[in-house]
Structure formats: C-alpha cells, structure tokens
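Protein chains in written order, with our numbering: chain A, 1 to 115; chain B, 1 to 113.
One or more hints might be untrue.
Capping the alpha-carbon separation at 25 Å, the derived lysine to any residue pairs in SDA-like fashion look like this [unchecked claim]: (1) Lys38/B x Asp38/A; (2) Lys71/A x Gly40/A; (3) Lys38/B x Gly40/A; (4) Lys70/B x Lys83/A; (5) Lys83/A x Ala105/B.
None of these hints come from the bench; they were simulated from the model.
Here the structure is a predicted model, which is why all the values come from computation and not from measurement.
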Amino acid sequence: DGGITQSPKYLFRKEGQNVTLSCEQNLNHDAMYWYRQDPGQGLRLIYYSQIVNDFQKGDIAEGYSVSREKKESFPLTVTSAQKNPTAFYLCASSIGAGGSTDTQYFGPGTRLTVL
Amino acid sequence: AQKVTQAQTEISVVEKEDVTLDCVYETRDTTYYLFWYKQPPSGELVFLIRRNSFDEQNEISGRYSWNFQKSTSSFNFTITASQVVDSAVYFCALSEPPRRMRFGAGTRLTVKP
Numbered sequence: 001d002g003g004i005t006q007s008p009k010y011l012f013r014k015e016g017q018n019v020t021l022s023c024e025q026n027l028n029h030d031a032m033y034w035y036r037q038d039p040g041q042g043l044r045l046i047y048y049s050q051i052v053n054d055f056q057k058g059d060i061a062e063g064y065s066v067s068r069e070k071k072e073s074f075p076l077t078v079t080s081a082q083k084n085p086t087a088f089y090l091c092a093s094s095i096g097a098g099g100s101t102d103t104q105y106f107g108p109g110t111r112l113t114v115l
Numbered sequence: 001a002q003k004v005t006q007a008q009t010e011i012s013v014v015e016k017e018d019v020t021l022d023c024v025y026e027t028r029d030t031t032y033y034l035f036w037y038k039q040p041p042s043g044e045l046v047f048l049i050r051r052n053s054f055d056e057q058n059e060i061s062g063r064y065s066w067n068f069q070k071s072t073s074s075f076n077f078t079i080t081a082s083q084v085v086d087s088a089v090y091f092c093a094l095s096e097p098p099r100r101m102r103f104g105a106g107t108r109l110t111v112k113p
C-alpha cells in the first residue's frame, strides 16, 4: 500500500538532547513537509522540500533541521536549541508537479515529549 | 498574508443532528485552493476536499457537503445526520503559493450518542 510512515509514534527526550524523527513516503511525491501541532492549535509549517537536496524554512524553523537526500525520505531533527519541543509532529507529502498547490497527504504523526 | 479563521473552537451535537463548521479566509490571490481535513483521535489528518477558487459549485459527498461563497470568503462544511464516528477535529486550509498551505486553528466536533 502507498502511504506515509512516521516513526516512532511516541518519543521521549531529555532536555539538551537532539532527536531525529523519521518520515518516509512511497507515493513518488516530489514535495514533503513537516508541521508542528500544539494542543488546541492548528498546524504550523516547520520546513518543506520541493525536490531532493533542496528545502526551505517554514514559519517556525528555529531549533529544527532537515535533510532531503532521497526522494522518499525527509527526516526532521529537533535540536537542543528548540526551547519548547514537546508537541505532535506531522509529516506530509504532495505530488509537487506544476504550479498549483497540490493536496497534501499526511502520515500518522510522532508525539514528542521532553522530560 | 493568507489567513484562515475557524471561529468555532468546539461544537457538540447529538447523533443525527446536522452540523455546520464555518471557515472564513483572507487572501489577495486571484487563484487559490481551499481544503478541509479531518483529524480523528488517532492523530492522522485525513483529506476530505480540495476546491479551486474558480469553482463555486457546492459539493456533496454522502453526508458531507461544502458551500463555497467567494462573496463572503467562506468555505463552510456541513455534516448531515451526524454520527459518533464524525467526532474529530476538522481543519480548513488555504493555499499559500508557491506550494504551502495555511491552516485554521480547527474545530473540535463531538457527536454524542
């Protein structure tokens, strides 16, 4: 089945540690995205990538880093510089072709808790 | 800048009632797209609909219907004869060129048996 997988589902981190969240898709989509969701709030864009080896900052990129070495994979690293990292993280992908805004399809999410 | 407002933070209805979720947007673009997503308790966002700004026809899909009105910058979502399985958080989103989306804060719908 085609889809987006995120791992792990739950992640606990001690303060001061970096942690990497995985996102993989087998939909052959060019574009991938990372969002952060806090309780009672909408989704805020962290980073996005329209093509391999290229990515752009979203609205809240500070304290996060990404890489896009393969089309299928877009890992997100939450660094110790992120002051309040406890949140629900969602990865998404879209076809990415053409100039219009394509529908984004989402993974199941990773819930990160900083202890 | 793009903006999406979902003024209803939480709505509670009894099963079989009809319910409308409001979405108001702001954009300076002449071509744009509007979306609705459902987030059940599991957390994954499920795509419901994508609508082009040039297409103002209302859309119906089973018990779901959408009313798009450019004159009032609204894209409202109605669930007819609601069911307990409709309980979720619903997000409205607006395209933000070149390839981003701006989400509203979401409306939590609770359908009681």
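Going through the hints against the structure:
Between lysine 38/B and aspartate 38/A the alpha-carbon distance is near 16 Å, which keeps this suggested pair within the 25 Å criterion. Among the hinted pairs, lysine 71/A with glycine 40/A is inconsistent with the structure: their alpha-carbon atoms are about 32 Å apart, more than 25 Å. Distance check on the hinted pair: lysine 38/B and glycine 40/A sit about 14 Å apart at the alpha-carbon level, within 25 Å; holds. For the given pair, lysine 70/B sits about 40 Å from lysine 83/A by alpha-carbon distance, which is inconsistent with the 25 Å threshold.
Simply put, lysine 83/A and alanine 105/B have alpha-carbon atoms about 22 Å apart, close enough for the 25 Å limit, and the pair holds.
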